[in-house]
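There are 2 protein chains.
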Amino acid sequence: MQYQEAKEKFISTWGSLGTLWGINKAMAQIQALLFISTKPLSMEEIMEELKISRGNTSMNLRQLMDWGIVTKEIVRGERKEFFTTEKDVQELARIVAKERSRREIKPVIKVLEDVSSIKDDGTQKTKELIKQTKALKDLTDDLDTLMNKLVNQKQNWLTKSVFKLMK
Amino acid sequence: MQYQEAKEKFISTWGSLGTLWGINKAMAQIQALLFISTKPLSMEEIMEELKISRGNTSMNLRQLMDWGIVTKEIVRGERKEFFTTEKDVQELARIVAKERSRREIKPVIKVLEDVSSIKDDGTQKTKELIKQTKALKDLTDDLDTLMNKLVNQKQNWLTKSVFKLMK
DNA sequence: ATAAACTTTCAGTAATTATTGAAAGTTTAG
DNA sequence: CTAAACTTTCAATAATTACTGAAAGTTTAT
Numbered sequence: 010m011q012y013q014e015a016k017e018k019f020i021s022t023w024g025s026l027g028t029l030w031g032i033n034k035a036m037a038q039i040q041a042l043l044f045i046s047t048k049p050l051s052m053e054e055i056m057e058e059l060k061i062s063r064g065n066t067s068m069n070l071r072q073l074m075d076w077g078i079v080t081k082e083i084v085r086g087e088r089k090e091f092f093t094t095e096k097d098v099q100e101l102a103r104i105v106a107k108e109r110s111r112r113e114i115k116p117v118i119k120v121l122e123d124v125s126s127i128k129d130d131g132t133q134k135t136k137e138l139i140k141q142t143k144a145l146k147d148l149t150d151d152l153d154t155l156m157n158k159l160v161n162q163k164q165n166w167l168t169k170s171v172f173k174l175m176k
Numbered sequence: 010m011q012y013q014e015a016k017e018k019f020i021s022t023w024g025s026l027g028t029l030w031g032i033n034k035a036m037a038q039i040q041a042l043l044f045i046s047t048k049p050l051s052m053e054e055i056m057e058e059l060k061i062s063r064g065n066t067s068m069n070l071r072q073l074m075d076w077g078i079v080t081k082e083i084v085r086g087e088r089k090e091f092f093t094t095e096k097d098v099q100e101l102a103r104i105v106a107k108e109r110s111r112r113e114i115k116p117v118i119k120v121l122e123d124v125s126s127i128k129d130d131g132t133q134k135t136k137e138l139i140k141q142t143k144a145l146k147d148l149t150d151d152l153d154t155l156m157n158k159l160v161n162q163k164q165n166w167l168t169k170s171v172f173k174l175m176k
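One line per chain: the protein sequences are P and H, in this order. Going by the working numbering, the first sequence opens with residue 10, and the numbers climb by one from there. Going by the working numbering, the second sequence opens with residue 10, and the numbers climb by one from there.
These are computed hints drawn from the structure, not numbers from a lab. Incorrect hints may appear among the rest.
Remember, identical chains collapse to one label, so a pair may be satisfied in a single copy or spanning two.
Quick list of in silico lysine-lysine cross-link-like pairs, DSS-like style, CA-CA up to 25 Å [what the hints assert, rightly or not]:
1. K115 with K60
2. K107 with K169
3. K48 with K143
4. K158 with K34
5. K107 with K143
6. K48 with K96
7. K107 with K81
Go ahead and model the full structure; you've got the sequences and the hints to work with.
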């Protein structure tokens, strides 16, 4: 496999994986492109590489910036804007985990809390609803906490020690 | 909040959360319904509760069974089939984590491996592609391993000890 | 102030994904 | 074997989500 093929394979795989971490295809592909680029890219270059429209590129770059994954670069002497992505995978994972926790997991925990704290009217079905949603809430909470703690270790010695512990 | 409202809120929240764990809305809602039900439900009952068609119910139940989350129950004297879901959240998490690892994460790791092992032709851009996809592969691998190990502890004493360690 | 260079917005359209419902298939009781 | 009771399949359609492109908006240089 040569450079061009490998690059395309990486970008398209990462793109279709986007759904897994909760973003759309174009967004993931732009991030992938920037991630392996040796220099900041302009909107023009991104459109050209990925064969997507100006509007699409603009909207998805904006979202990536909202996530804190991509940043604008000012290049001296150039009028147009250039973009780069966080290059450190650990830091990237940290950002993604934090954002997903905030945007998706926390709100769900809130709902589970509300639902599991309805008044017990003594019926079987109410007891079951409370018991099960409570269990789900506890699990979700635990996993969320663990994920955040894990990913917040800027150095990876702790990750390593956890691995050791679990082996 | 009363039972009916709480139940509906739980089912619809869990349904829209489906995308987060990689399944569709109807599938997640069926699972949610079974999860808080005090007894196995027939296809008829599921259709009725969720207001979805027979075909949709059938197809999504099949998928839930493929995932290993839902099982058929034979009820003595009844001709139709009844369905139940795994009721233990820890076990549920174990199944989901295992399946997602197998279906989605492992294949991505494979691609990252392939891409990161192309021949280094000495150019800057090839070096960057190799370096970055390698880093991504290592991270993905670590997270996958960790997730599987975590979730495979049938007892939760280990989860607890990990928490303690990280606090 | 003007105009060129660039970015954003958003209504319309395309692509994708989910759902229906009726026909075909299967199982069981008699 | 037959028919009733039930489930599955799948082509058609609906709903959702993503994408385009051109017009409107913004910034910068002169």
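A quick look at each hint next to the structure:
1. When the C-alpha separation of K115 and K60 is checked against a cutoff of 25 Å, the pair qualifies neither within a copy, at 36 Å, nor between copies, at 28 Å.
2. Within a single copy, K107 and K169 get their C-alpha atoms as close as 20 Å, and across copies as close as 22 Å, so both meet the 25 Å cut-off.
3. Taking the shortest alpha-carbon separations for K48 and K143, only the inter-copy value of 19 Å comes in at or below 25 Å, while the best intra-copy value is 49 Å.
4. Neither within a single protomer nor between protomers do K158 and K34 lie at most 25 Å apart by alpha-carbon distance, with minima of 28 Å and 30 Å respectively.
5. For the identical chains of this complex, K107 and K143 are neighbours both inside a copy (23 Å) and across copies (23 Å), given an alpha-carbon limit of 25 Å.
6. For the identical chains of this complex, K48 and K96 are intra-copy neighbours only, at 11 Å inside a copy versus 51 Å across copies, given an alpha-carbon limit of 25 Å.
7. Taking the shortest Cα distances, K107 and K81 sit within 25 Å of each other inside one copy (21 Å), while across copies they are farther apart (38 Å).
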